[in-house]
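Fit chain Y to the given chain L structure using the hints.
Chain by chain, the residues:
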Amino acid sequence: MKLSLFRMGAISLTILALSCSSNHKVQTITIADKNAATGSGNGTGEVAIKTVKNIDATSGDVDGASLSLVVATGSSMRFLDARALGVLYANVFKKAAYGYQQCAGTTPREATDCTESIFMASERPDLGSFDLGTAAFARAPQNVNPTTSLTLNYTRTLRLALSRECRYLVTNELAIVNNKASTPAQIAANVLVKSQIVDAATLIDFEKRLLGIAGTSIPIDIDAASYVTAFKTVAAADKVNGVYNGYVDLCIALSMDPLVFIY
Amino acid sequence: MSINRRRLLKSAIAGSSAVALMNESLFATEDAPNPKSNRFLLYIHFGSSCGVANGLLQPLAPNKWPTGFFNSGMEGQAANPFLNMHTQSEGLVFHDYMKFLAPMAKDMCLVEGTSQSLDHNVARLLQMRGSPTASSSPEWAMGVTEFMRTSANLNPMVITAGTKTSSVADVTAVVSPNIANFTSITSDPATIAAGGDPIWNVLKNRFKNPALSSVIADASLNSSATYQLDTLKAGLPQLAKASADIKALTAALAADSTAKVLADLRDKDAVTALNTRDTGFRDSLILAGILAKTGLANGMTINAIADDLHIGGADVATARSASSKWAMIMLFWNWITENKLNNDVMIVIGQEFARSPYNAATQAFTMANGAGQPLLDAKGAPMVDASGKPIILKAPGRDHSLCMGTMFINSGVPSGGRIGFVGSNMTPQATKDAKGTIDATAMPYTSDNIVGSMLLRVYPDLFPTERMVRKHWPTFKEITPITA
Chain L
34 MKLSLFRMGA ISLTILALSC SSNHKVQTIT IADKNAATGS GNGTGEVAIK TVKNIDATSG
94 DVDGASLSLV VATGSSMRFL DARALGVLYA NVFKKAAYGY QQCAGTTPRE ATDCTESIFM
154 ASERPDLGSF DLGTAAFARA PQNVNPTTSL TLNYTRTLRL ALSRECRYLV TNELAIVNNK
214 ASTPAQIAAN VLVKSQIVDA ATLIDFEKRL LGIAGTSIPI DIDAASYVTA FKTVAAADKV
274 NGVYNGYVDL CIALSMDPLV FIY
Chain Y
8 MSINRRRLLK SAIAGSSAVA LMNESLFATE DAPNPKSNRF LLYIHFGSSC GVANGLLQPL
68 APNKWPTGFF NSGMEGQAAN PFLNMHTQSE GLVFHDYMKF LAPMAKDMCL VEGTSQSLDH
128 NVARLLQMRG SPTASSSPEW AMGVTEFMRT SANLNPMVIT AGTKTSSVAD VTAVVSPNIA
188 NFTSITSDPA TIAAGGDPIW NVLKNRFKNP ALSSVIADAS LNSSATYQLD TLKAGLPQLA
248 KASADIKALT AALAADSTAK VLADLRDKDA VTALNTRDTG FRDSLILAGI LAKTGLANGM
308 TINAIADDLH IGGADVATAR SASSKWAMIM LFWNWITENK LNNDVMIVIG QEFARSPYNA
368 ATQAFTMANG AGQPLLDAKG APMVDASGKP IILKAPGRDH SLCMGTMFIN SGVPSGGRIG
428 FVGSNMTPQA TKDAKGTIDA TAMPYTSDNI VGSMLLRVYP DLFPTERMVR KHWPTFKEIT
488 PITA
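Going down the list, the protein sequences come from chains L and Y. Numbering-wise, the numbering used here comes out as the position in the first sequence, counting from 1, plus 33. Numbering-wise, the numbering used here comes out as the position in the second sequence, counting from 1, plus 7.
Looking at chain L on its own, in the form it has when it is part of the complex (with noise of 0.2 Å):
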């Protein structure tokens, strides 16, 4: 990323994020150009950023014009919508013929409802997507609601096409599992079931997939242990129906981890 700044001496220009309370930490970002008295490196004026971790007054800054932004706590917490959420659940939960299981027995007005999100267009709404020149677009962008509260029709719709797509990847899975003919190559491609009881290390994968870093060595706590634990508890209270019960409640919690939808 670069920055046109011409005819600049030496530029520092550092963004603090600080806060109101003593306990936030302070951040700085410090934009330099060292060779702003006849242009940039490149030629073109243009500057590159540059990250410098001391503070404004240790980090060369002499103007005393910091741009100072404050925070508070708890003011930045944002939901993704029903497109962001879109992309990843397409990591984990697969398209069936006709698209995603909001479509299961029925015709879209346009196949692309079916194709490209697991949300009703109805529901997305709900999750802060809104598609232009609707009614529900009102007069301008202004009117359009972010997702910045985790509203009881977030939460529901949610957890309702959660529904729909873990109930149908369970189904498939389980019965990969179960089929005696199923090769070990066949029931590791699936994404959650890999047998009739769960282990951590099959959540985590399944969570890391889910969030798109997959195979990567990032670390996530998703309190994997308990779910081993409750999982056990739930199947072995219905011997017919626990094990599918378990998976499918597990799916969907995992799919509505604080860490899928905050950011």
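Since the hints were made in silico from the structure, they are not lab data. One or more hints might be untrue.
[What the hints assert, rightly or not] Output of the computed footprint for chain Y on chain L, the stretches with three or more beta carbons under 8 Å from beta carbons of chain Y:
id	segment
1	184-195
2	255-265
3	282-295
All C-beta atoms, glycine included, are put in the ideal place defined by N, C-alpha and C.
Relative to the frame of chain L, chain Y by itself:
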């Protein structure tokens, strides 16, 4: 009002330090909200509809519209003669489309002020949340709901599509237009598999300390998520127990009930026809009433009218539409009063802005009743043209105006009060009292000060000090004629 803590604060050092202290959840003991009962604020938005026609701009005396209300700089009357026929009750002056409100004027107070903006999107936010941006101050209903938070109810509910702000992090926002939808939204036991409680308990714990890498989580996140997951599983049993109340309120607001209210209007057939088709607003009022009585929620925002009639018609179309809404509001208030909720429920009816003097555009209306017969004028004579047919009224268009009115309904408001006034050439002015006496030395009133002052007066248990109003609306200054 008697001497109270907020008056002491005004003159004390604490007053000057209030701004610094109000920022986070640092409530002094004297400031802490202490709900006495189930408070409920219902905000009804009348959009950008004409203030003259919708009743939010009123003259101080019958038949004396201020100069410049219809043609710039000129004395004049409305093109629709029914807007010039007034019934006065206490300080309120209702035109013919609203005259049925006269008996409840004792529970009403009209405050007029400046809209501060002529832009829909800015004025809408200003009048709905006291700030020109959606991110800095909450809607009125949200602010009241946040202060209804108790140890037994950590996440009180509010019905609105509005965005939450940092001062109302604990409230549970629900978007719902009616009882059936609300019942559906608050329950989905079949979504999850049977017997999964142990798994859901793990998920609830995940919200205690989610260790989000990119953001600081709200302190209320765990209780919000837990409340919502529990609610979805069990539904709201209070709703099932409220079936008798739902039935009674539905009957009270039914079209035949409103038809009786509208029976004395000159233009009753047109308004009644509109009212019969107006199921959306009726259903939302029923939801609001049930939520208020059961205590399931503490606030609701309803968008009732949108009218932006530059092209003509405000005098007739808006008057009819608003009349239909007011009739239902009146019946709703009667039900609230019968159920002894008239001190707990406050209805606030606001708008983005009123509308300018007439422009050149017009829209034609045949002033006839449902049978095609001419309507009767103030003297009871048929309104006919030279050929004896009902007159064609050309209702002019109106543009945006820098003024607005806000009506409050509650038994604790200044009874029949008129505070602030939009006078000649639609200029908003402050008043010295609740009778409309102009105070030329003061600035015209703004929405944050208008609603904030009324909250201080009506809900002293939730807003014991000015500081608590500023918790949500930082620029608040008290309007003495409202709190006196």
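Status of each hint after checking the structure:
Counting residues of the segment 184-195 of chain L whose CB falls under 8 Å from any CB of chain Y gives 7; the rule of at least 3 is met. Counting residues of the segment 255-265 of chain L whose beta carbon lies closer than 8 Å to any beta carbon of chain Y gives 7, which reaches the threshold of three, so the coverage claim holds. Beta-carbon proximity to chain Y at under 8 Å applies to 9 residues in the segment 282-295 of chain L; the threshold of 3 is reached and the given coverage holds.
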